[in-house]
Structure formats: structure tokens, C-alpha cells
Amino acid sequence: MAINFLYPDYEVVRDFERCMVCRVCERQCANGAHAFLPEANKMACDDAKCVNCHRCVSLCPTRALKIVKSDHTYKENANWSGKTIKELYRQAGSGGVLLSSMGNPENYPVYFDKILLNASQVTNPSIDPLREPMETKVFLGAKPQQIQRDPKGRIVNNLAPHLTLSMPVMFSAMSYGSISYNAHESLARAAEQLGILYNTGEGGLHEDFYRFGNNTIVQVASGRFGVHPDYLNSGAAIEIKMGQGAKPGIGGHLPGTKIVGDVSRTRMIPEGGDAISPAPHHDIYSIEDLRQLVFSLKEVTNYQKPVIVKIAAVHNVSAIASGIARSGADIIAIDGFRGGTGAAPTRIRDHVGIPIELALASVDKRLRDEGIRDNVSLVVGGSIRSSADIVKAIALGADAVYIATAALLALGCHLCRSCHTGKCNWGIATQVPELVKRLNPQVGSKRLVNLLTAWRHEIKEMMGGMGINSIESLRGNRLMLRGVGLTEKELKILGIKYAGE
Amino acid sequence: MNISAANMDFKQLNEQIKTAVGNVCISHCCGQRFIGRGFKDKTITIHGTPGNALGAYLDGATIEVRGNTQDAVGDTMNNGKIIVHGNAGDALGYAMRGGSIFVRDDAGYRTGIHMKQYQDRKPVIVVGGKVGSFLGEYLAGGLIVVLGIGTEDTPVGNFTGTGMHGGRIFIRTNKELTGLPAQVTAEIAGPEEMSEILPLLSEFCSLFGVAADDLIKDSYYVLKPNAKNPYQQLYTAN
Amino acid sequence: MKEGQVRIPSGCAISGLIDKTGKRMSGEAIIRSISVMRDRSNGLGGGFAAYGIYPEYKDYYALHIFYEHTAAKKSCEEFLERHFDIINLSKIPTRRMKEITDEPLIWRYFVTPLPTKLAESQLDEREFVARCVFRVNTTINGAYIFSGGKNMGVFKGVGYPEDVGRFYRLEEYEGYCFTAHGRYPTNTPGWWGGAHPFALLDYAVVHNGEISSYDANRRAIEMYGYKCTLQTDTEVITYIVDYLHRRKGLSFDEIASVIAAPFWQTIEAMPPEERETSEYLRNVFAAQLITGPFSILVGFEGGLMALNDRLKLRSMVVAEKDDIVYVASEEAAIRMIEPNLAKVWSPGGGQPVIVRVNGGER
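Chains as they are written, first to last, in the numbering used here: chain A, 1 to 501; chain B, 502 to 739; chain C, 740 to 1101.
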């Protein structure tokens, strides 16, 4: 066997005092990291196979296991880090493009962490959300240009089709195929209970989930998997996926190993074949072509559904958003460079795109400068990690946020970033039936509802502290934000003052 | 029912087509988009030049155009039939999943990109003349036939079948096909393979009044993908 | 923020027609043609280039100038008087319309360089005029020369193109060639100079698409004395055409194989002599390769070139009837003005269609 020069990043540490050789770890690990040695009657592990997903740790009845970062190291080098060296070895050995999963883990600034929120003191009152009304309901969609009245002088409801959310959060697109049936069901059920929406992603909509239509956004991506008139009419809104924060500018590629059974049926492609999403929509090479797709979708749904256009946050995002706001789209979704993915080339994930905070601030400003902010609602994602991030995003100008990584964490994801292997031990990013069934949709949806219920309380607390009792008064209210540790330029782009100003 | 499309925008026109009882005949069509989008039944006959995205998401209806068409005909088409007595523009049958498109003359660049088939749905595109580059790029299923009637040269452009991982492309030509990508194998179609397209050829001939004998006796290349997973080896897990 | 201070990508519609015998026709047809493609523009820019419209002044440069205020007009006219013999000047006739608002002052001058100034400059006449145009556009605040060729003119503004055409009373002009542009910018430029066509001397370009090579092209062309004041693709394409044609003496066929160069794969399959030339052009003019989607119409004195990018990422249809050649983003735009065409085709990527009046090269 050729030497691959690779040494495990993590070590599985077993306390043999505690281990009772129940072999749960062995059964739970789809990566085969644990093995039973009959002669010695003890467990052994191959650290090289461990992805650090904590499945075995969580299920070990005697808490005999832990995973630690290996202290095995290369000679210290500030330029050539161990990670860089390893990646190079991998490519020299395989000739392949490095493939990773989930969001950009690199050490770029997280602007949400450099923004602080305001609270009322003395001059205006804070509000106690436990005893006073505190509204988090939002509408997403275009605002009408003019008030119309009927002959009797009553206002005519000329609202364009829009979405109503109980709180400014939605589950963002994750396709059936990249995640499991049970993960999709968990999201759909939680969205219904919470009065929000989840998003099918680009893999079509499983027939079982058509019943969640009012809480569903159906996505149309470049591969058009499972896209047909009934699908388009089944949801509450249609999202055109132009880009994704984790991999701006490139397409998708769901390997044939995940195109099995119902995934194949839902995507309407044969089993075992790759599902390749081209980098562009080949009917969109220019902004006027986007208008064409937007209106073809509106035509085929009789102008009943709002159309969302989702783009990755890239350098000239504000110009792009301005073009989209004039394309007939009702909602623009912007996905920051921290957004997750089931698989992306490492170099793209880690080096392409810009932070969502800066993209949001500049898009919101540009649309206001041009007087077209009312044409569209803004939804941002990638990555929203907490209720504080949500409040900050709304105050920067978003109408709502998209969450996905956070939702997966609620379902049990441990961010081991190995989705591309298809062997998710938590039953989320896998199509292997015995792994999928580890995720119980009832439990999963409950955990999602718990998470967002808790976040809603926190959002209300923060709003109350600012003396704001309705979420629309927070939207774009940048005076509620102050920066710390930011340069003049960063403050200018974010449109906020420095703490103490 | 007859509809004159003169001075009508696409929204009005599509509304009229939708509410029309029975089959529809449109005259003076000039650039109106999305005609027949998503229709499940009806036969729509068009005189003039329909605009882009003709028959987008078509779901069973028949559209016949007495003239040329523009870009994105049959975009994401699910079922039904589109017959063009003339040329088609770029991106013909993009991401099409079912039904058939017959074009009497030429089609543009990127014909049949990412067509896919599933169970009984097998999309078909037959082009009588020649097509531009990127024919059948990312082809995932279905049948594309290019007849090259009226051209001495190879009736396809460059980069035919790039990323192809399903389906078949038939090309009628005496010339050697060169520059095909690694994911594709090309050989002269044998009798068994020809039997797959014979019904399509006879339908083409009867639609457009072309003599079938000449077409059938000629030699065709058949292009097939050599793997269902053309890009698997491109990646290494990190 | 004005166009030029920010880069504004846009999508678009283009249309053009030319009579191969040089017979003049009214501007009515081009207005009707571009109006069909309303869905490809968004009312934030439209314009036309018309060739052969000033036969009585055909030996003079026709300068079309926007002024934001009378002070700009005064300074500009002073500059023009120092450098040119002004044969005629007038307001460009317009029509008051509710669709067109906030127009600048729009003036036209027929000029010829002062012989003494020209001799002093040691420049060729066209270079002298081009430099004067750059001088005005970069140094006189509020003045902008948007057209400066002989026997041709650009007419443009903010609005839908058909409205802009009516505003300029384009139907009252007669020319042998017209091009038109409907713009879909991703911003509110609000400035008339930002509309297209973009012109330098008698080269006028209309363009559909957003090129990806913009800044590589811009930085390269600015080295040769051009100033990209608008930051638009069309501007840099116009300068590249001017540079390759007027200054480097390339033919339009050669220009096409520079800006939409064949792929190496295609070049490798060429006969040896053609291959050597193609390799030479790709090597020498590497910085003038334009990538990303474009379909362009380049108007020039006595001709018109239509060209798609080498991947043909934009649609473009060419048609013929009798002596007239038509080009448009959509066939419907041609059918609107000539339902019975003799021939209709879509040129391949990188394959120029070059039409010359009476077959002549200038």
C-alpha cells in the first residue's frame, strides 16, 4: 500500500475501566471506527476513520469514550500549517478537487460578534415581554405602489402575493437527497407548528409532504429536479436558486450513491445516476433573462405565489440585488459566505463570497437609496447562529432570516463536516435507511420547535429592552446597533456608529 | 378559437389562451413570451414569431408553430408536444423531462441541456437541420436526434455532450465526429439502436412532409455516456 | 451617484439594420423594432446610433453634447472654439413627452479641427478629435460629448428606448444604418450619458450582456490613453474596437478573432497558416480578449458588425430581405418591421457578421 502521509486529526480515547464491551459504539459508527477484538475481548478503534461526530460518545452507556484533538504534530510553521500540508498530501495522492461540507470554518471576522445592541434607560421605557404585547409577525413580499379605492371609497386589497410568518425566521433550502426524509419531515412539521416556512431545496418535493404546502417554499435550481407545474403550485412561494453562500458561482453535484429509492422518485431521475446542477441556469445569462424566469414561474402559477430569488453574497451583491428588485421578484434571499452545504469544493467554500452582515447592510442601503426597497423583502442567511444574530440582522435591514445549520444542530448534527460521505451517524445527511431511522421526526420537529420558541422569547426580550414592541419597528433601525473593534470603513459599510458614539 | 395577438402583451395573450374553449389558433404573434406555459391539454397553433420560453413547464398540451421560435422553447417541459415549422433559438428543451419537440430546421446553442428521463417519461428532441455548440450538455436522459438536412458539414457545433451522464444523442452525418469529451462514446448506430429512433423519424417526416426513405438509410452516430457518474473521480474528501 | 463613479452591470436588448446599397430610410423602423423587446429593458436607458443622417455636413464631425447647466455649455463652447471651426450649432430637436423627464441641455455642433491647432498637435485628424472629446468629458464639469463621428449621430437618454426615439424625433431622420439599445441596468443611473450606444468618433457600440473580463480589459486599454469614465462594458468595448481598428489597423474580421477569440481547441484544428495567425492574435492581443456574455453591434462609417461572445451566451438573430440586413436580440423585433424575410439565421459564437455598404472597406 502506498503511504498516504496522513495522520488522524482526532483520537478516540477509551477508558477501558469503564468500557463494558457492549459494542454500542461499533454498531453506531457508520464509518467503522470501532471494532471488537474477540481474542482480547476488548474494543479497538481506528482513529483515521473517526470524523468526530460524537455519535459513539453520546450513546456510550458508561461514558467511556471521548474524542480529543491529536497532539501529533508537524514541525511548527507559521506559513505551512498542518492543515495546508495535509490538504496538499491528499491532492498529491488523488489528483482530486478537495471536497468539504457545511460552512466555511476559517478564521474570518464574524461581524455579528462585533455589533452590540441597545437597551432603553430612563428616557424611554423598556417593555416586559412576559406581560405586555410583543409582536414578531412579519409579511414578506412586494408592497403595492399605490392605494386603490373602490367606488365606495373603501381600500382595495391590491397586495401582491406574500408570505406571513409568525416570527422572522425560515428554514432555508436543504434538498431531499442531501438530507434525509426524516430530516425533511422534521423541518416541515416544525414549520407548520411554528407558523413559518421550510424550503424544499432543489431536489423536488416528496409526495408525502405536499400536505405541508402552506408552510413550504419550493425551490427551482439549475438542475430543475422534480420541477413541474404541480410542484410549483404546491407551495406557498417559489424560490429561484441562483447561488448559495457556501459555493458561489458553482453548481451542485449529488453523487449517484445518494440517488436511491424515494430520492430518485422525488427528483424524477434514475437511481444511481449523479444529480448534476449546472453552475448557471442555462436559460439565465443576464439580468433580463432572470426576469424571464421570474415571469414564467408567475405565469404558470397564475400570479398566486411570491417569487424569491436567492443569491450568494458576492462582491457586487448590491448591484445584483438592485437588478433583482426590478425583475419582478418579490423577495431576495442573500446567503453569506458562512452558509452550509452538503458538499462543496473546499477552496470555493473557504475563499469565495463575503460576510452576510456586510452584504445585507450594503444591499438594504442601496435599495433604499434607489427608492426600491419596497419592491422586495430581504431574507438573509449564512450564518445565523442565535436570536441575537437575528435581532442584529433585522436591525441592519433584513425582513427575516434563513437558518439551516442551526436547524440541523437542533436535530443532532455535531458539525463534523462530513456530509459528503453520505454516512451521517445522526440520520441527517444520509440516505442509508438504518441511519435515517436514527432521526425520529417527532423528536426532531419538537427540538426545532423548542429552539425557535426559545429564540422567539429571546427576540422579544431584546426588543422589549429597546422599548420596541413590534418587529417592524426594529427593521432597519440601525441606531439600535453599535460596533466594537471595527474600522471606520467597516462601520460605514454596516451603517452603524461606534460604541460610545 | 382564433386570437389575434397583434398589440397584445404576454399576460393578456396567455389569459385569453387559458380561458379559450377548445383549441386555439393565434395569429400575428410577435414576441409574446411563455405561450402555453404549463398547459396540460389544448392544441395551440401559432402564426408569427412567439417569444421566449414558449411552452415552458408544458404538461401535456400540443403547440404547433408556423414559423420560427426564439430562445428557451420547452423550458423544463414535463409532457406534451411542440412542433416548430422553422428554426428554434438557443437553450431548446432545457432541463426537459418528458414530451417531444420537433424542429423542422435549425436549433441554436445549448440544445437539450440537462434533459433527463424518469420511468415512463423520456423527453425527445428532433432537429431537422443543424444545431449550435453544447448540444446535450449534462445530458441525463432522453433522446436527441439531429438530422442535418440541408447541411454538408457536421450538423453539430463544438463541445457536444460535455458532462453527459445519461440518454442518447443521434447525429446523422457522413463526417467524422471529432472533439467529443471524455465522458462520451460515439459509434455508428446499429439496427437495434436505430429501431429506437425510427418511430421518431417517421413522425418527423409526416409532420414536415420529408421523404422518410432517405433519412432512414443514412448512417447515424449514436453518442452514449460512458459513466453514470462522470465526475466522481474529480473529488477527494477533505 | 453618477454612472462612472460606480460600476453598474446591466442586461439589455439590441437591434440594428443596414441597407447594403447605402439607401437611406427613416428612423421609424428601428423604433418599432426595439419596442418589441420591452421586457428586456427596464426603462432606465435607451438609445440609437444613426449613420448617413447628416449628408449636408458629411465632412464635419457632428458633436452631440449633454450639458447639465449653462455654465458647462459656456466652458465647452469656449473649448470648442479654441480647437475647431464650428460650421453650425443648434439644439437637437426633441419632443416633449410625459415618459421622458429630467433631460439635460442637448446640443449639436458640426465642426472641423482648426488647421493651425491640428498641425501644432502633430496628430492625425481623428486622433486629434478623439483627444478633444476626452478632454471635454474629463475636464469640463457638466459637459459630456456623447457622439462625435462624421455623418452619424447617437441619440440616447433615460427611458424606454422607443420613448427615447420619439423624444429625439428619430423618425424624422434618414440614414442607411441604425442601431438601438434598450437597457436593464441594476441601478438607477439617472444620468443620460450612461445610456447606450456608447460612441467614439464614428464607432458606436450597443451591447447586451455583462462581461467578466471588464477590469482586465479596462486596465489594459487605459494604458493606451483611453479613459473609462463610465465603468460600463460598452465603453471599454468601444475603446477596444477603436484601438484595434483605427490605431492598430486590424480588419473587423481580425477584431472579432481578438475579442471573441477561438478556443485553443478550435485553433489547434485549423490549417497551419490560419492557426499561426490566430495564435499570433491571441498572443499579441491577449488583454483584449473579452469573456462573459455579450452580443454587440458595432456601427462604423459605411458598415456594421454583429458579434456574439465565443460561447454565444446571448441570443442574436440576423436576417435579410432585399438590400437590408437586420440584427436583433430576438427575431420578433425583426419580424415586427419586416414579416417576410428572405433569410434568418443565428451566427455562431465568435463568428462576426460584417456588412459593408456597397461592399466597401473604409
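Some hints here could point you the wrong way.
[What the hints assert, rightly or not] Chain C side only, calculated, beta carbon under 10 angstroms to chain B, not exhaustive:
1. ASP778
2. LYS830
3. LYS856
4. LEU857
5. GLN861
6. ARG865
7. LEU1050
8. LEU1052
9. ALA1071
10. MET1075
These are computed hints drawn from the structure, not numbers from a lab.
Cβ atoms here follow ideal geometry from the backbone N, Cα and C, with glycine treated the same way.
Consistency of the hints with the structure:
no. : hint    : in the structure
1   : ASP778  : holds (7 angstroms)
2   : LYS830  : violated (34 angstroms)
3   : LYS856  : violated (50 angstroms)
4   : LEU857  : violated (48 angstroms)
5   : GLN861  : violated (48 angstroms)
6   : ARG865  : violated (37 angstroms)
7   : LEU1050 : holds (8 angstroms)
8   : LEU1052 : holds (8 angstroms)
9   : ALA1071 : holds (3 angstroms)
10  : MET1075 : holds (5 angstroms)
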